[in-house]
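Peer 1: Below are the chains, spelled out letter by letter.
There are 2 protein chains.
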Amino acid sequence: MKALLIIAHGSRREASNDEVRRLVIDLKARAGDDGFESVSCAFLELAEPSIPDAVDACVSDGATEITVLPYFLSAGRHVVEDIPAELDIGRRRHPDVTLRVLPYVGAESGMRDLILEMVGQGRA
Amino acid sequence: MKALLIIAHGSRREASNDEVRRLVIDLKARAGDDGFESVSCAFLELAEPSIPDAVDACVSDGATEITVLPYFLSAGRHVVEDIPAELDIGRRRHPDVTLRVLPYVGAESGMRDLILEMVGQGRA
Numbered sequence: 001m002k003a004l005l006i007i008a009h010g011s012r013r014e015a016s017n018d019e020v021r022r023l024v025i026d027l028k029a030r031a032g033d034d035g036f037e038s039v040s041c042a043f044l045e046l047a048e049p050s051i052p053d054a055v056d057a058c059v060s061d062g063a064t065e066i067t068v069l070p071y072f073l074s075a076g077r078h079v080v081e082d083i084p085a086e087l088d089i090g091r092r093r094h095p096d097v098t099l100r101v102l103p104y105v106g107a108e109s110g111m112r113d114l115i116l117e118m119v120g121q122g123r124a
Numbered sequence: 001m002k003a004l005l006i007i008a009h010g011s012r013r014e015a016s017n018d019e020v021r022r023l024v025i026d027l028k029a030r031a032g033d034d035g036f037e038s039v040s041c042a043f044l045e046l047a048e049p050s051i052p053d054a055v056d057a058c059v060s061d062g063a064t065e066i067t068v069l070p071y072f073l074s075a076g077r078h079v080v081e082d083i084p085a086e087l088d089i090g091r092r093r094h095p096d097v098t099l100r101v102l103p104y105v106g107a108e109s110g111m112r113d114l115i116l117e118m119v120g121q122g123r124a
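The listed protein sequences derive, respectively, from chains A and B.
Letter 60 of the first sequence, counting from 1, is numbered 60 in my numbering, and no numbers are missing.
Letter 117 of the second sequence, counting from 1, is numbered 117 in my numbering, and no numbers are missing.
Hints were generated in silico from the structure; no laboratory data involved.
One should not assume that every hint holds.
[As the list claims (entries may be wrong)] These stretches of chain B come out as covered by chain A in the derived footprint (C-beta under 8 Å, 3 or more residues): (1) 4-15; (2) 22-29; (3) 86-98.
A virtual CB, placed ideally from N, CA and C, is assigned to each residue, including glycine.
The shape of chain A in the complex, shown without the other chains (with noise of 0.2 Å):
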């Protein structure tokens, strides 16, 4: 079973994890189409459930193989070093499962269209 799963960085501000989390329940409606039977999150700090355990949560729901997404714009330490060795954490649990990590979303081409998107739709 493939599960894809958004990594975040979490917040102090508990609307800004909610976002993340709304952020889940979209994707789960169209996410099926790319084969993925559930979509989940984690944070890296300062909300729940951490990396490690949101990798179990997927591996006790039966995935076998789980793509991530650092919902991250820029390469900085959190994309290149901790979420990492937190996945780490999750493969050493979980050797039998396939952990694929995707490049982090500024990474898409598609982010300059969007920014444009949103400048042009401000021009007023």
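Once you have looked at the hints, place chain B on chain A.
Peer 2: Relative to chain A, chain B alone:
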């Protein structure tokens, strides 16, 4: 003169800050269509220029209207409290300049499509 100012978090990892600067270069080539004569960036912390310094620079370059895009994915404290406080410093320094703040990037509805595109490409 209209200026576009991209505000990012800033990172101890200089390559991450350079990503934002490259984004600005890319946007410069295209934001002219939306009437922006200048595009620049500022960092909330850990990198230069600061937000008030970047506002100063826009005004020195002749900006009379600055459109601010918070390059953040969710409305944590940085977006809700810290960026508005920094922008207020710029407003007090330049009361005759219009400072308009767009929604943060993660609030854009197209973000869902962007993520699904990444997930689809990574489907393998």
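Peer 1: Establish whether the coverage given for the stretch 22-29 of chain B by chain A is satisfied; the threshold is a Cβ-Cβ distance below 8 Å, and no fewer than three residues must meet it.
Peer 2: holds (count 3)
Peer 1: Within the stretch 86-98 of chain B, is the number of residues with a Cβ closer than 8 Å to a Cβ of chain A three or more?
Peer 2: violated (count 0)
Peer 1: How does the stretch 4-15 of chain B fare against chain A when you require at least three residues with a CB closer than 8 Å, holds or violated?
Peer 2: Held - the stretch 4-15 of chain B has 8 residues with a Cβ nearer than 8 Å to chain A, which meets the minimum of three.
Taken one by one, the earlier hints fail for this structure only at number 3.
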